[in-house]
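Chains as they are written, first to last, in my numbering: chain A, 1 to 515; chain B, 1 to 515.
Take the hints with a grain of salt, since some may be wrong.
If several chains are the same, the list does not tell them apart, and a pair holds so long as it fits within one copy or across any two.
[Said to hold, decoys possible] 20 Å max Cα-Cα, derived SDA-like pairs, lysine to any residue:
hint : residue 1 : residue 2
1    : K345      : D325
2    : K345      : E88
3    : K320      : R342
4    : K251      : V55
5    : K291      : S14
6    : K40       : S159
7    : K320      : S343
Hints were generated in silico from the structure; no laboratory data involved.
Every value quoted in this text rests on a predicted model; they were computed, and no experiment measured them.
Listed below are the residues making up each chain.
Protein chains: 2
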Amino acid sequence: MLRKNAVNRDIPDSIDNRELHPFAGAFNTNPIGKRKFAPKLSISKPNNDKLCKTVRDALEKAQVRDGMTISFHHHLREGDAVVNMVIEEIAKMGIKNITIFPTALFAVHDKLIEFVKSGVISKIEGSLNGPIGKFVSYGNMKNTCVLRSHGGRVRAIESGDMKIDIAFIASPTADEFGNCSGLYGKSACGPLAYADIDSRYAEHVIVITDNLVKYPLVPHSIPSTRVDTVVKVDSIGDPALIVTGTMRITKSPTRLLIAKYSVDFLDKIGYIKNEMNFQTGAGGISLAVTKFMADKMREKNVKAKFINGGITKYAVEMLKEGLTDSLIDVQSFDLEAIESMRSDKNHFECTVDEYANYFSKGCLVDKLDVGFLGATEVDVNFNVNVNTHSDGLLLHGIGGHQDVAAGCDITMITIPAYRNRLPIIMDSVTTVTTPGETVDVIVTEMGIAINPLRTDLIEKAKNIKSIPIMPIHEMKNKIEKITGKMEKPEKKDRIVALIEYRDGTIIDVVREVAL
Amino acid sequence: MLRKNAVNRDIPDSIDNRELHPFAGAFNTNPIGKRKFAPKLSISKPNNDKLCKTVRDALEKAQVRDGMTISFHHHLREGDAVVNMVIEEIAKMGIKNITIFPTALFAVHDKLIEFVKSGVISKIEGSLNGPIGKFVSYGNMKNTCVLRSHGGRVRAIESGDMKIDIAFIASPTADEFGNCSGLYGKSACGPLAYADIDSRYAEHVIVITDNLVKYPLVPHSIPSTRVDTVVKVDSIGDPALIVTGTMRITKSPTRLLIAKYSVDFLDKIGYIKNEMNFQTGAGGISLAVTKFMADKMREKNVKAKFINGGITKYAVEMLKEGLTDSLIDVQSFDLEAIESMRSDKNHFECTVDEYANYFSKGCLVDKLDVGFLGATEVDVNFNVNVNTHSDGLLLHGIGGHQDVAAGCDITMITIPAYRNRLPIIMDSVTTVTTPGETVDVIVTEMGIAINPLRTDLIEKAKNIKSIPIMPIHEMKNKIEKITGKMEKPEKKDRIVALIEYRDGTIIDVVREVAL
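Chain A with its partners taken away, still in its complex shape (with noise of 0.2 Å):
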């Protein structure tokens, strides 16, 4: 049976077995019972030997097998090498129907298809972008996919909801007792905040590195006391990709505009003043959104507590620049940002359970006064689409998306109008990934809309001159005399994935692509 959830989304009772709780708003859902699954007691003995010597070794000490699930984290991004050659490894050992559960999958995890087809992955939870997106999308993985926020990750697995049996730690340098650290080696990648929950959690932890050293490693982000086994490999990734030597703002003077009509806005409505934060990422113009609110701080004379995020040099500049008190940073994109969290102890790094956990005492994202965002697509109702394109395909993750909308007390989406002739303001977009009422500001090169439900900001915005601001429906109609209207993708009955909401509920769900 479907049933409306509070987006307007029809969810199915159960599905996979598993039974559905649909979107009840965005702060309606408690928690029930305690925490589940805490692993099991092991014993701490001196000369206990983890190191083994191949991946298959350390998957027989394991003893993997059918059905189990096994998790990745993805600070390595589009240069991970780990997932793809434990999945190689697992095949070759004969296991079958594994769950994987990513924190995300990349491109480069595109040959994880053959091994769906295969029967060694027989369902995914966590974000797929890209090519595995799309392979889903059209049908065919037999079980439902589960994509879940940062933050939705971390409560799934506290919660109970997911148990994990191995996790794999790609640790770009690690002690042979497994303490781990990303600021090191020539993989170095930053912090390991995403695999912090599933070093805690899992029965059975493996970390694998390229760079061994002799214990102790100091300082680490996870300690020996969690890790099972350590193997050391020749390279867990490429370097190249795993950071990205020099990030460059946008050209792009529409997506310039984008950014300072954002950065703009906050300073009239008065956002830009001492003590204020922020949270920005390393998009297109997440970076000059940096950039931007650097330029408006100086010229302002005002500074910075925070700056939490995907943390880029534009953020580190502002910390050397006495901007900012500290950076929190979950995720490092480029070397400067390594560099930054090696040498100095007002940037921090931050566990995703502290950044983002809804079923916690209090996370990071409640104290956000600004999340600028992205979205594939936007609705009149300000819900937004991260996940899916127009034409009904799954590309994207959910990321932090619903935890910072949800905390931070100003949600800023920032985005170009259309892109490739498709208006990005719809009448209810393909798939609800974050739900309207968590939403309050939409910027596109056209102007400002700012959801009716805070009056508060549009009566501290009524006397703005300098951007066109305007009702949401407007925005629309602009946009569409210049793209005309969206045609709906054809799609099929099947549910291929569920969008979870942070809280655990279903907020969306991905329907079949026909072909």
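Once you have looked at the hints, place chain B on chain A.
For chain B alone, kept in the frame of chain A given last:
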């Protein structure tokens, strides 16, 4: 019914309705089942106000009630004002029958005695130092006290032996969201490592600080995600008693000789070499040992991988001089150690789980080469007592003694041959804290006795001429020629305290002392 355990002590089947497992050898007891009492899931919402005006408000918000278990940590040592402050408030509220579960109590907490008498406190699970220990020894508490090692306390929480209803974190600096650090503020104490496990497992966590700063406090040791409320008070303690201004090395020729013998012995058997490591503390002999180790390492031009401990300026100087790559710290004893931890990333705060938890996947003590430890008594089977004096009074906690002894390669007990005319070596210690199988070398001013189990060390030491090396019976006889034999104290049958081994078994009991 009483049963003999592996160190030949009589252990009852049960006490206070708790079934007791007799100690079965240092590495012979396996964990049963899973971690149990993981705390409830919570909710993190924007504008979550955690600040309470008074301790009373925080206690009411925590719904404190009769029979609860509340926990404390002892980083503020003799300077601590928080334990007394909380218990006084609980008493004013008319609450009775509280179990307190501190990491340790000190002389400053002797006023708790009145609250035991009035029925506010009915049980103590934690180390007893000084006046309260004496009070308990004379049979003044109805329930049996339970003493655990640092690692054993973490194990007891994780395995569900102890469930904490409310944990109190005395934090020298905290922000309004509950992030905690011991590095800053007038009451700075360094690490908050003892409180880490409490913050993870307690149902409710209250932070008490005298230095409230604006979010986010970066870096921090305990994150907001685990904290329910924050209370600002005028003072959490007396800075002069929290840390020592400058610690001085003993001037006692006896103690200096013991330190010299210890270091010379390690040198002769080949343990002073590159990549070595050791643990010391802040006692009189320990400081001298640290200094002599530095001298010897400088002389031999060797460098340690790490020093672990209670850290003092003597270890900090070794880090600065390049005699060690890193310091790993669960407790800082002086201002130099705190300043070093603030400014040097190679001075690393380690949780007690990571330091000493036997039921983990690998803790630091297992990687130690040498642990320098104290004792009140040693017996001819190398069993060590650190809890009671020869008069039977329970005056000291276990600290990390059992953990370090079990983990490290060479456990070296450094003690004067007699104190107040009482011999330190005897046929059978008053109380077994640490089993002889984990103790390797006894160093007194008479010379050195090596555990016969360590045939490797006896072989290595056979050509040493510069230090008197003798069997333990010979050392005992020499001491008794000076002191005479010791009389056993008169003890009653009633058990007033249990000495838990780090694995949760009972290694000994403490019986009531006749007045």
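Name the hints, by number, that the structure is in violation of. 2, 4, 5
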